[in-house]
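Protein sequence lines, in the order shown, are assigned to chains D and C. Here my numbering is used: the first residue of the first sequence is 1, the next is one more, and so on. Here my numbering is used: the first residue of the second sequence is 1001, the next is one more, and so on.
Honestly, the hints are just simulated from the structure, not real lab data. Incorrect hints may have been included.
What the hints assert, rightly or not - Below 20 Å or equal to it, Euclidean Cα-Cα: the simulated SDA-like pairs (lysine to any residue) are:
| id | chain 1 | residue 1 | chain 2 | residue 2 |
| --- | --- | --- | --- | --- |
| 1 | C | 1144 | D | 152 |
| 2 | D | 50 | C | 1166 |
| 3 | D | 228 | D | 248 |
| 4 | D | 44 | C | 1156 |
| 5 | D | 340 | D | 237 |
| 6 | C | 1108 | D | 236 |
| 7 | C | 1164 | D | 47 |
| 8 | D | 16 | D | 340 |
| 9 | C | 1163 | C | 1002 |
| 10 | C | 1164 | D | 148 |
| 11 | C | 1144 | D | 148 |
| 12 | C | 1167 | D | 147 |
Remember, predicted model here, so these are calculated numbers, not experimental data.
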Amino acid sequence: MHPLYQILADAAGRDKVTPGEFIIAKVDLAEINDLYLQVIMSFKEMGGDKIWDSQKVTFVMDHYAPPPTIKAAENQTKMREFAKEQGIKYFFDINRGVCHQVMPEEGLVWPDMVLVATDSHTTTHGAFGAFSTGIGATDMAAVLLTGEIWLRVPEIIKIKIQGKIRKGVMAKDIILYIISQLGTDIALYKAVEYTGETVTDMSLDERLVLCNMAVEMGAKATYIKPDKKVWDYISLVNPQKIQECRPIKQINEKENEVYESVYNFDISNLEPQVALPYRVDNVVPVSQVAEEPINQALIGTCTGGRINDIKIAAQILKGRKIFSSVRLLIIPVSNKILEKCIELGYIQTLLNAGATLVTPSCGPCLGAHEGVLSSGESCISTSSRNFPGRMGSSEAKIFLSSPATAAASAIKGVITDPREFL
Amino acid sequence: MFESIIRGKVFKVGDDIDTDQIYPGRYLYLTSPEEMAVHAMEDVIADFYKKIEGEDWIIAAGKNFGCGSSREHAPRALLYAGVKAIVAESFGRIFYRNALNVGLPAVKCSGIVKEVQQGSLIQINLKEGLIVLGTPEKTLSIEKFSPQLLAILKNEGLIPYMKKYGKYSHLKNI
Chain D
1 MHPLYQILAD AAGRDKVTPG EFIIAKVDLA EINDLYLQVI MSFKEMGGDK
51 IWDSQKVTFV MDHYAPPPTI KAAENQTKMR EFAKEQGIKY FFDINRGVCH
101 QVMPEEGLVW PDMVLVATDS HTTTHGAFGA FSTGIGATDM AAVLLTGEIW
151 LRVPEIIKIK IQGKIRKGVM AKDIILYIIS QLGTDIALYK AVEYTGETVT
201 DMSLDERLVL CNMAVEMGAK ATYIKPDKKV WDYISLVNPQ KIQECRPIKQ
251 INEKENEVYE SVYNFDISNL EPQVALPYRV DNVVPVSQVA EEPINQALIG
301 TCTGGRINDI KIAAQILKGR KIFSSVRLLI IPVSNKILEK CIELGYIQTL
351 LNAGATLVTP SCGPCLGAHE GVLSSGESCI STSSRNFPGR MGSSEAKIFL
401 SSPATAAASA IKGVITDPRE FL
Chain C
1001 MFESIIRGKV FKVGDDIDTD QIYPGRYLYL TSPEEMAVHA MEDVIADFYK
1051 KIEGEDWIIA AGKNFGCGSS REHAPRALLY AGVKAIVAES FGRIFYRNAL
1101 NVGLPAVKCS GIVKEVQQGS LIQINLKEGL IVLGTPEKTL SIEKFSPQLL
1151 AILKNEGLIP YMKKYGKYSH LKNI
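If we strip away everything but chain C, and leave its shape as in the complex, we get (with noise of 0.2 Å):
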């Protein structure tokens, strides 16, 4: 189900994360979610799938988060890993494309970074376009998607989509 405010802990990690470090090479013919899982971020945070066990986290990110290479499996393993959902400055276009593609939220934030501790408990509301910070009780915009990658977001990514619609449908007005 489509959730349009997703709540959790803040996993906070600096500028130009690249989808090496996100996903290592080596693991590149791996195809099954379980064993993708557990190299997500691998290289950055050692055993990152077991660190976020059990509680729901989002990523929130400095510039150009997942720039790099195309490689899908990048946002698949941390949506495998549990990752609830990605807040950036900034996100590498094609890892932003994967990311809505495979149903893991990806929002972008001007002042994220500054604005947020690890640990800290933030709340993405979608539907308002807004990122509620905790304490102090604080809320930044985000910017908006277009009616495209909306549809594909609240349908839970472009598989579900494209197994509903079977095409591109909701730019057809523009």
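So here's chain D without its partners, still in its complex pose (with noise of 0.2 Å):
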């Protein structure tokens, strides 16, 4: 059986689960955002009082951080008082990051979990080898109601990456380029598991973007085996759960009895991709779309503010400027990210090239603050969603990239191709 049926064969306390059956699991760990007010509204009007677990919940104030308007603030003061009043243990205010990165960071994520959250990137979390899907609010409500959830038993789509990746490329071009071969919906309502060499020699955090962005594919999880990278983080974060996690163990029967499909990537041969608006699948290389002007460069969020990603761009942009008439946005995932990135000495590279820093948060990647675009702007962004609209107005463009490419589009005030400055 795959470990992910495992998971959730345990969650529901039955010994199998198969593909297309309906379950009622059991959730480890339910985590609700700022934007997601709705949650404690259901709660109370589903009857609510004391909700299931307060150990078992955790709230991160990420989506407005710090809040842009009054009804945004007013908003998080109504959770503050909500987790208070219900002893929620885990409370991350403003100054911690975005949720898929303080939670790993906390040692609330570990292989064989079922993790919910009031977001789409919970996709991310199978990078640790756990059951991890996105929610809304009134099923969050249910979850905090009953400490369960129903779910419909996912096929599973197996994507091997082969080869080594080449000078200037990084996660984010390796799955814009197989979401472009892909699809959108190729994974709807299924889990997708990335194996492969590749995966193998990934970093955590490069590993965590095939996984955050599987969600443009449809994903509802993901899942790449936990391996030594992946026990030795936990072993720094949550040491405990070394000994609580049962082994993994190995899938006995045929692939083709475990995956309802298996498609190969080689990726040797991959330039950096760029997504082009209006859509994640509409992919090319970046050389086919050189010289396109941006007026701004995200480089940050849940999906490319990690430390890999800071330090490239520190690497490109160090005794360089950033071009005259263009913004340069750095958005570290997390605080801790961010004290990392300045005790390296990344931050003031970036400073110094003309870069904003701006809080660890969402940003503006749902156009929420923190640098929207006006109408006939472009921006490249290290983000997840190229969307109309998604980043303020919707006559913006929004292009898709690796913080490699994004750094290196900064300083040229076109889309440019990294590897000139590697």
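Fit the two chains together into the complex; they arrive one by one in their own frames, and the hints show the way.
Structure below.
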């Protein structure tokens, strides 16, 4: 049985589960962000009084960090009050960062858990071997009430990635390319497992990008088999869990009995990739879009704001200046990452180059605040989505790329192949 | 009251209508139905809420309707604007759950887009699992709901369901 099915079977109190069937699963951790006052509203409308387990719920104030409007501030105030009144153990305020980084950093993510969060990019945590999926406010209210969620057991798609990554190419380029080949609905209602030597060789930071972006193919959850890199990380952030997690069993069945489909990618010759407006699967090699002018470059968010990402931006921008008419936003994914970047000198390098530092948060990725675009503007971004209106005006254009490509583009004021600077 | 037959005029949209288009991120801090309704689909169809006022409308969409964000604001805004149901080739999975949870029927129907025109009358029969098209008269089948989903739908959403049962109660015997 696939490890994801083992997790779901355990959570449903059953020996096994099969794709397509519906189960009621017990939740190990429920995360709620500050867009979702509706969770509390729905919980109360359901007649909820005390939440099922105050030790298994976490609030992260990340989307409006710090709040840009009075209403957003009031929503946060109500959430703080609710968290206090319920004795919620893990409350992370606006000074911590994006939930998808804060949860792992706090040791709240481990292999073989069921994690639900009010954010579509919850697919991220499959990189740790967890079953993790995004849900909406009322679904979450029912989790707070019962500790359970109904789930359709997903079919699993295996994506095998082989080949050595070329210089200047990052996980973001690989996943943009894969999405362009498979489409935005290939994994709808399904889970995606990533395997192959490229994935094995990747750092955890890079694996998180693959899993994070899987939702842009429609995925419900992701999976990368935990290896030493994962266990080393868990042993740093939550050593007790090492003892508690059950060993990951080998899959004994044949490949075609476990996976709905298998896709193979060889990325040995892959160039940096860019997703053109307004679709994540509208992807071309950077050479085909070079010289496209930009007004803003964004390096950050839950997709592209980890150490690896800021590091390469600092490497590229060291001793250089951004183009006179470009704004470069740097948004480390968490305060811990920001501190680390300060310690390593990356932030000073980026500030010297003319960057604007934004609070660790979701920033303008979802068009809420801190760098939204005016009509007619173009932005190259390491974030996850380039839908119309995603980052402000629906007349603005968003190009998705790796942090390296975004940094190189900030220097020249036009979309640029990062290999020119590496 | 749960109605197993929903009638309405078709509002036709394309493939991959994402949640940013259904409900833009700049309004996510809003929580009241009146405030949310006016922003439904505003970046795709200006004044959508006014255009559907006074009549029953059913959105007919291509594949992957509601892909993207987990924001429940998206189906809520459509519901508050007066949309009666959504029929699509397929849905973004979180949107699909959210729609049913807030009591907005979301129905999967293969081939719907090429069978309907903007403004044509259709009838969704949830009990029979069919969509009846007006002219020419024709029926299409819809994907069956699981017992749990059907129970949520019949209770007009997960809030009334949980208020009534206090837990998930419709999946015991499988």
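Provide an ascending list of the numbers of those earlier hints which the structure does not satisfy. Of the numbered hints given earlier, those the structure breaks are 6, 8, 11, listed in rising order.
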